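J.: Quick note, the sequences are listed as chains B and A, same order.
In terms of this note's numbering, the first sequence opens at residue 0 and continues consecutively.
In terms of this note's numbering, the second sequence opens at residue 168 and continues consecutively.
The hints are simulated quantities; they were obtained by calculation from the structure and are not laboratory data.
Check the hints yourself; a few may be wrong.
[Unchecked claim] Pair by pair, the computed Cβ-Cβ distance ranges are:
no.: 1; chain 1: B; residue 1: F42; chain 2: A; residue 2: I413; range: 33 to 39 Å
no.: 2; chain 1: A; residue 1: D315; chain 2: B; residue 2: K97; range: 45 to 51 Å
no.: 3; chain 1: B; residue 1: P82; chain 2: A; residue 2: T241; range: 43 to 49 Å
no.: 4; chain 1: A; residue 1: K178; chain 2: B; residue 2: D387; range: 51 to 57 Å
no.: 5; chain 1: B; residue 1: K574; chain 2: A; residue 2: K178; range: 45 to 51 Å
no.: 6; chain 1: B; residue 1: F18; chain 2: A; residue 2: V467; range: 26 to 32 Å
no.: 7; chain 1: B; residue 1: L312; chain 2: A; residue 2: E327; range: 24 to 30 Å
no.: 8; chain 1: A; residue 1: V467; chain 2: B; residue 2: K97; range: 45 to 51 Å
no.: 9; chain 1: B; residue 1: V171; chain 2: A; residue 2: E244; range: 18 to 24 Å
no.: 10; chain 1: B; residue 1: P308; chain 2: A; residue 2: L474; range: 37 to 43 Å
no.: 11; chain 1: A; residue 1: A421; chain 2: B; residue 2: P500; range: 25 to 31 Å
no.: 12; chain 1: A; residue 1: I505; chain 2: B; residue 2: T129; range: 46 to 52 Å
Predicted model, so just to flag it, every value in this text is computed and none were measured.
C-beta atoms are modelled at their ideal positions from N, C-alpha and C, and glycine is treated no differently.
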Amino acid sequence: MSTFIDIITIARWELKKSFSMISRDVLPLSIILFILLMIATGFTAQTGLHLQDGMYQVGVDDPQIASLLASDARFSVYLLDAPALNANGNSFDLIVVKGVVFNSGTDKANAAQKTLERDYSKYVSSVYNTENDLFAAYPLWIDTQPVKSELTFLSTQSGQYISAAPRRIAPVPEGEIKIVPTPLPGLEISTEDLRRELVQSNEKNTQISRYTEALSASSSMGTFKTPAQLSPPLPFDSIILVFVFIFPLYFTSQFFMMSIMNERIERKGEILLSTPIRTSSIIIGKALPYFIGMVAICAGLTLYIRASPVIILPLIPVIFFFLANALLIGMLSRSFKELSFISIFFSTVATSYLFFPSIFANVHVISLISPLTLIVLTIQGSAWTITDYLYSTSLFWLTGAVLFYIAARNFKDERLFSEKKLLSRMREFLSEILSQKHPFISLFLLSGFSIPFIFMVQMMCLVLFFNLPMPYSLVFLLLFAALTEETAKGVGIYTIYSRDPAFLTWKNLIFACAATAIGFLVGEKLLLFVTIAQISDSVFGSILFLSLGSLWLPLLLHFVCVLIVACCLKVWGKKGFVPGLVIAMVVHCLYNLYFILGWLG
Amino acid sequence: MKLRHLSIIAKKEFKGLFNERTILLAVLLQLFIALFSSFLMVGLASMYDPSSLSKYSHSRYSIAYSGNESPLLTSLEASSDFRVYQMDLSTAVAALKERKLAAVIFVPDTLPDATDPVKITLYTLQNDLQAAIVDVKLKDIFLKYETDLREIRADRLKEELIGIQIPKAGGGGDFYEFVYGLLIPLLVFMPAIIASALVIDLITEEYQHETLETLVSTPLTFTEIVWGKVLACELLVPVQAGAWLILLMINGIAIQNAGLILVQVIVTSLILILLGTLTALHYRERTAAQFIFSTALVVVILFALALPDNPLNLLTRLAVGTAAGEQWLVLGVTLGIILMLSYATYRYAEKIAKTHQTG
Chain B
0 MSTFIDIITI ARWELKKSFS MISRDVLPLS IILFILLMIA TGFTAQTGLH
50 LQDGMYQVGV DDPQIASLLA SDARFSVYLL DAPALNANGN SFDLIVVKGV
100 VFNSGTDKAN AAQKTLERDY SKYVSSVYNT ENDLFAAYPL WIDTQPVKSE
150 LTFLSTQSGQ YISAAPRRIA PVPEGEIKIV PTPLPGLEIS TEDLRRELVQ
200 SNEKNTQISR YTEALSASSS MGTFKTPAQL SPPLPFDSII LVFVFIFPLY
250 FTSQFFMMSI MNERIERKGE ILLSTPIRTS SIIIGKALPY FIGMVAICAG
300 LTLYIRASPV IILPLIPVIF FFLANALLIG MLSRSFKELS FISIFFSTVA
350 TSYLFFPSIF ANVHVISLIS PLTLIVLTIQ GSAWTITDYL YSTSLFWLTG
400 AVLFYIAARN FKDERLFSEK KLLSRMREFL SEILSQKHPF ISLFLLSGFS
450 IPFIFMVQMM CLVLFFNLPM PYSLVFLLLF AALTEETAKG VGIYTIYSRD
500 PAFLTWKNLI FACAATAIGF LVGEKLLLFV TIAQISDSVF GSILFLSLGS
550 LWLPLLLHFV CVLIVACCLK VWGKKGFVPG LVIAMVVHCL YNLYFILGWL
600 G
Chain A
168 MKLRHLSIIA KKEFKGLFNE RTILLAVLLQ LFIALFSSFL MVGLASMYDP
218 SSLSKYSHSR YSIAYSGNES PLLTSLEASS DFRVYQMDLS TAVAALKERK
268 LAAVIFVPDT LPDATDPVKI TLYTLQNDLQ AAIVDVKLKD IFLKYETDLR
318 EIRADRLKEE LIGIQIPKAG GGGDFYEFVY GLLIPLLVFM PAIIASALVI
368 DLITEEYQHE TLETLVSTPL TFTEIVWGKV LACELLVPVQ AGAWLILLMI
418 NGIAIQNAGL ILVQVIVTSL ILILLGTLTA LHYRERTAAQ FIFSTALVVV
468 ILFALALPDN PLNLLTRLAV GTAAGEQWLV LGVTLGIILM LSYATYRYAE
518 KIAKTHQTG
């Protein structure tokens, strides 16, 4: 009970402090800026974004076509007569003579032609949309009926694509055949409704409206589409979600970060720490107002876009994760510039981690690793299960909790007010959570709990290396995945060694390595079991999370690799750490190559 | 103001930056953004453009055709992407559920010249990447059929179209607009944003760490200190932007007018840095200053983007080589704004310095 009162007291202080800061002529200016922001958004929505204006130069001999093209600001249109155009063909990207487009053959010209193609088809549909006989202009309609596969998506993951090689005879289903009613020939929607939707969807392709309309209600056309509309839904709504939901969270967590940092600079934290209040209460109390504020912002936004309140559920772990990081960053950085750099870096990485998978919300199950996907699904009106929720948020809960724990253990005078370098501070932070009395248990837990972080890092690598051409992407992923794992395993022993080199006798070294290896294995299997099992079967997945099969081999691998690092440390001291990591990485890669790809054998 | 004093301050800031090495994070961040956005583009483009996807799917997809015969059946059978089986609808859908088929098409008995539209029902698997690819491939065939049907019903259309014949596009050019119209301005301009956030940190830090008194007690004046910090941040911009340009060129992206692009970036970034300086001088506290500044930054950038011939657009046009005389006009306007802001900063710093001396 007293803990609860402590927390409330601290939370109240924190609230008062941040309000006194905000009221100091920040509020009036931020209101003005907010109004200006509205005006600027409206203005931009009206005039469009002028980023790509005048990229292409087009020569045209027909004034009608010229005015058609000039409506797209990307074209600089020159109206000349045909002989002049033919003579100066090379100074234009495209020329249009007597209604025929000629392309100068460069990349730029090809890009220009693609833009022109899109513009022209938009123009054509805008004409067709006004036709009295709509079904003469749009004679073909596709009614898209999604079918839920009886097999789980695991089958696609493990490389079994939709029907392997086509055969001569039609495939015969093995299971029971349910009667599918023969579709009726007519469209069940009135012609005028269809026309309105067509006009709208044609306008939607302009730069801004696409973004602003993404959150509004879905089309009333239902499952009917013209062939031109038949493509996977544009993923832009998740960009909007990032802006709408994640940016406010990012801003609020900045305030939390700064509050922690200010405590350190102004040394007010010392007074707080000298009180009998427990550190965990202090941290929870300080974080509470921000947490409530962030949830309130999300709730407000949810109300504003009139979405289901369920949206808040997947956002809570994200908020938790942001706050944990903010706390740690506020405690770690020595100067404002460092704070800025680290926090910008963190938020970009976190945002892209959230954003990237949700693009594929309607396409692929892998998208569920991001909680944003659940939001996209909720807005679309699709349901998701508790398992989905666990799957997409468990990494956030876990990493957030671990970070909070590390921060809580280090929230004391000598850590908060030291001025050491970033890396050595990080090492000190780790050293704090490695118990002196039970070093092996600590190592076991440390390497076990490093797993969710490793998964997050490796997921990001997947995104980054995707850019490279195929063999390289695989090679880099292989190397990097191994390096990440080895670093995570080695870091505990390194911390212990730098705290007390004498501790690392040969006997202790073996025990430490064993503890780390077992911890790593247990953590890996547990998390795989809970969440990642679904993606661990694809080609990339098998590199990242190889070794589901037997337990002895991976354990041996982990042990040998840690042992290499530890021995290097013991023999060469601290400077042996990096070479040790490199050797361990090579060993790890060879193992992976041997077992995944069956090379070397 | 003495130039030597400015350079002393700038040197001090550089030293601090290199000691902390966190500037590396900023560089890494930019690299990350570049890689990430190109991942997005390549990923998206391959989703929407079947021709770039074809390398991922050499196989033919099995699809079932059900219902009445139509010209669509002929063109599906002629396509090298599909193997078509004529099947009963219920059996076909059951096979689809077991992933033995990629799609099922049902065609009704509507006549090509009927008043009603031809409504085809397309059954595909939900939440499946392969299904998305099949959709994209089917789209082409449907579009062709739509054109054929439209021709049959052409006498019922009233409006006359402006005719343009577009030849079949050659390969390449897929990412041109993205690279030149988005990536280059973004990358080249990012250092300016980073520099302006940095100047706020540098100034508020002196206040909050209470190191300002010590600095002012040296022969350096307050105004010189402020301008020294502006100088340090400004110098970082061309270094980073230049590095980007070189990196892009090494990657085979031809950039025209690289020198002029740098000039534009240097000049435009000064506006942001001065805005940051003014905010920092006003609030003398990082949280407030950064909050106000980042909001203001969004407003300024949005507003600038809404104007034709804005500096960011100019970067694009310079890079593709379509910028003409208007670049000098933009440069002139930017310089004018800078002069105004510089004067404001100078006066403000002097004013603060005076209150320091008296108070």
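J.: Hint by hint, where does the structure go against what was stated? Just the numbers, ascending.
T.: Going through the list in order, the structure violates hints 2, 5, 7 and 11 and respects the others.
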